[in-house]
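**Q** Protein chains in written order, with the working numbering: chain A, 1206 to 1569; chain B, 20 to 87; chain C, 493 to 757.
It should be emphasised that the hints constitute simulated quantities derived from the structure, not laboratory data. Ideal placement from N, C-alpha and C gives every residue a C-beta, glycine not left out. Possibly wrong hints are sitting among the right ones.
What the hints assert, rightly or not - Pairwise CB distance ranges, derived in the manner of DEER restraints: (1) B:Asn38 to C:Asp744: 34 to 40 Å; (2) A:Glu1506 to C:Lys506: 50 to 56 Å; (3) A:Glu1391 to C:Gln742: 47 to 53 Å; (4) A:Pro1428 to C:Gly647: 54 to 60 Å; (5) A:Gly1412 to C:Gln742: 24 to 30 Å; (6) B:Glu86 to A:Gln1439: 51 to 57 Å; (7) B:Ile69 to C:Asp744: 30 to 36 Å; (8) C:Ala741 to B:Asp28: 41 to 47 Å; (9) C:Thr660 to B:Glu50: 55 to 61 Å; (10) C:Asp744 to A:Tyr1408: 37 to 43 Å; (11) C:Glu718 to A:Pro1428: 35 to 41 Å; (12) C:Gly710 to B:Ile69: 20 to 26 Å; (13) B:Glu50 to C:Glu501: 31 to 37 Å.
As the list claims (entries may be wrong) - For lysine to any residue, the following SDA-like pairs were computed, each having C-alpha atoms within a straight-line distance of at most 25 Å: (14) C:Lys681 to B:Arg87; (15) C:Lys499 to B:Ile69; (16) C:Lys711 to B:Gly34; (17) C:Lys506 to B:Glu86; (18) C:Lys499 to A:His1244; (19) C:Lys681 to C:Asp737; (20) C:Lys711 to C:Leu694; (21) C:Lys721 to C:Asn678; (22) C:Lys576 to A:Ile1426; (23) B:Lys55 to B:Ala21.
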Amino acid sequence: MAQKRVLMKGNEVIAEAAIRAGCRNYFGYPITPQTEVMHYMAKKMVQIGGNFVQAESEVAAINMVYGAASAGFRVMTSSSSPGISLKQEGISYIAGAELPAVVVNIVRAGPGLGGILPAQGDYFQATKGGGHGDYRNIVIAPASVQELYELTVEAFNLADKYRNLVMILGDGTLGQMMEPVAFRDEEPVETYDKPWACNGRGYNADGKLTREHNTVTSIYIDPDVLEVKNRELQDKYEIIKKNEVRYEAFGLEDAEIVITAFSTCSRISKNVIRQAAEMGIKVGMIRPITLWPFPEDIIRETAARSNVKAFLDVELNAGQMIEDVKLAVNGQKPVYFHGRLGGNLPTQKEILDKIVAIHEGGKV
Amino acid sequence: MAQVTFNEDLCKGCGLCVNACPKGILQLDKERLNTKGYHPISCTDQSQCIGCTQCALTCPDCVITVER
Amino acid sequence: MAIVFEKTEGLTGKPFHYCPGCTHGIVHRMIAESMVEMGILGSTVGVASVGCSYNSYEYFNCDMVQAAHGRAPAVATGIKRNLKDKMVFTYQGDGDLASIGCAEIIHAAARGEKICVFFINNAVYGMTSGQMAPTTLLGQVTTTSPFGRDASYQGYPINVAELLSNLTGAAYVERVTMTDTKNIVNAKKAIQKAFKVQEAGLGFAFVEFLSTCPTNWGKAPLDAMEWLKEKMLPQYPLGCFKGGDLTVAQLDEIIASKKAEEVKA
């Protein structure tokens, strides 16, 4: 039975969710528009005896995450686009050392110092890997404050389950908005044994060391050893692709046009879908919740449906997820695009105009 | 009485121990090469060894064991 | 006869990859022996950095975490904050600590992180074949100061020990060397004192080891020792820059009383 609903800001819900997930480590650095995550942690994490450090930089913060994770503890950091860029090397190391960690990116407009308003321009960085080497982050894109809560708790389970970094990709809107949240009495925290952790093994009764020494590393000088290590990573990513795809989809069975959008853009598009229906235009939606692993199957199957004429991809960038949509559609149907930049959000009218243009077969 | 023994194949012929030995009884054996291809350390007169361990303290590769 | 000196259990036994006469090997031995002698081998987590000693995670027989270049103090922070009753140390070279990792080391010290940092200063980047480091001496020729380090162009060497000793969070800062047995014995004392400062919870402990790099200095091991004494010592005076007043007896007392409290709690 869910508790009573609490009106809370997205950024704060992320912090509360992490604590509810048993995370007792937060290492952060100030950057708009996600600093409230850190403010919340600065107070509550200390109150409950957890570890909070405002690091000297995002680079230091991600490496503190690396340390806590290598000792076997749940740990999180959060930042926004420029800060996440600084963390990319650390993220690649975390992937190479197969350490569980949760990194939150409340995306803002870029590139460079860009702006502080919401955007989705970090999609490529998050899903294709912003750091060096062949690795994948599990990337989750919540679309509501309630989802920020539930999916952040889930992120810690996934991180431990697969010894993989999980990134929560929000944006300025989501982080700054307030919505009612229904907290659960009991959190579905999964615990995983970490025999690999570097936690100072200690001595047993007869003074003998309890185990061989553990090492956490991402360097393997011997190419054959490193290739095997890389193959193992790729095998793991295949398992994650098989098991952990999440998406929301509706209206596909009779849709003429299908919108693909995540997070904030999916919220705006849902209103457009209602308006289009009133105009007699059937529009469906596929909302990826995991941006990686990407829901390619449902998109491919939907593209094969005779009732589906075209896709419209809506994003807060110059067109990034659209590439994955096109890969999944694989040329079966046209994929149109509507994007806004600079921190602006698309209006419902802009999207509806595109829908009407597609419906009427005009120039889009 | 004291004695030094060497794990010869770890020796890199750096010579630091030769310099550290107060009795000057350590020399690189120019006649032989170890598996790494270095002239390994050897003791020219064990009877002089006083087991002071200075050679072992300065060895960067844990080659030397000292008994007394 | 009894064995009075043998290889320590604090090392895994994997042969060192270091160059002949490189003092990394001596420092490894002393740290490893100290962990065994202090009974903390099983309760220590070390953090290896990037440089010649990147592989130290395979040499030290305690749990070891390999950190990105320059970030070992941050990684150690993440570990120690969680393992408050364990010992945590980093092992870093001068390129790693004084160049790319300068922010991390200063802030770890400023925060008074209860960790030990063992800093190998050999005035060059060793692993990447002898580039200029922040600790390269004026006039010293390296692959990136081929005409000798020129202050007007490449600035001045950084005295890390003195720099960190100005930070309140730093409880113990000493600079030692391994040029002869007396200094080696003294260096090991500094290592053990650093571990005791950590165990006593007094704050950040730091030992700088003036080291040789025969290969990149282009000198035989013994000549390198002479060059260190002649050239490096004037720039980097040995001694204790912070916490010199702390005696081992005092530290042991603090540790004992801390343990007593823990037993009571």
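**Q** What hint numbers does the structure not satisfy?
**A** Of the numbered hints given earlier, those the structure breaks are 4, 10, 12, 18, 20, 22, 23, listed in rising order.
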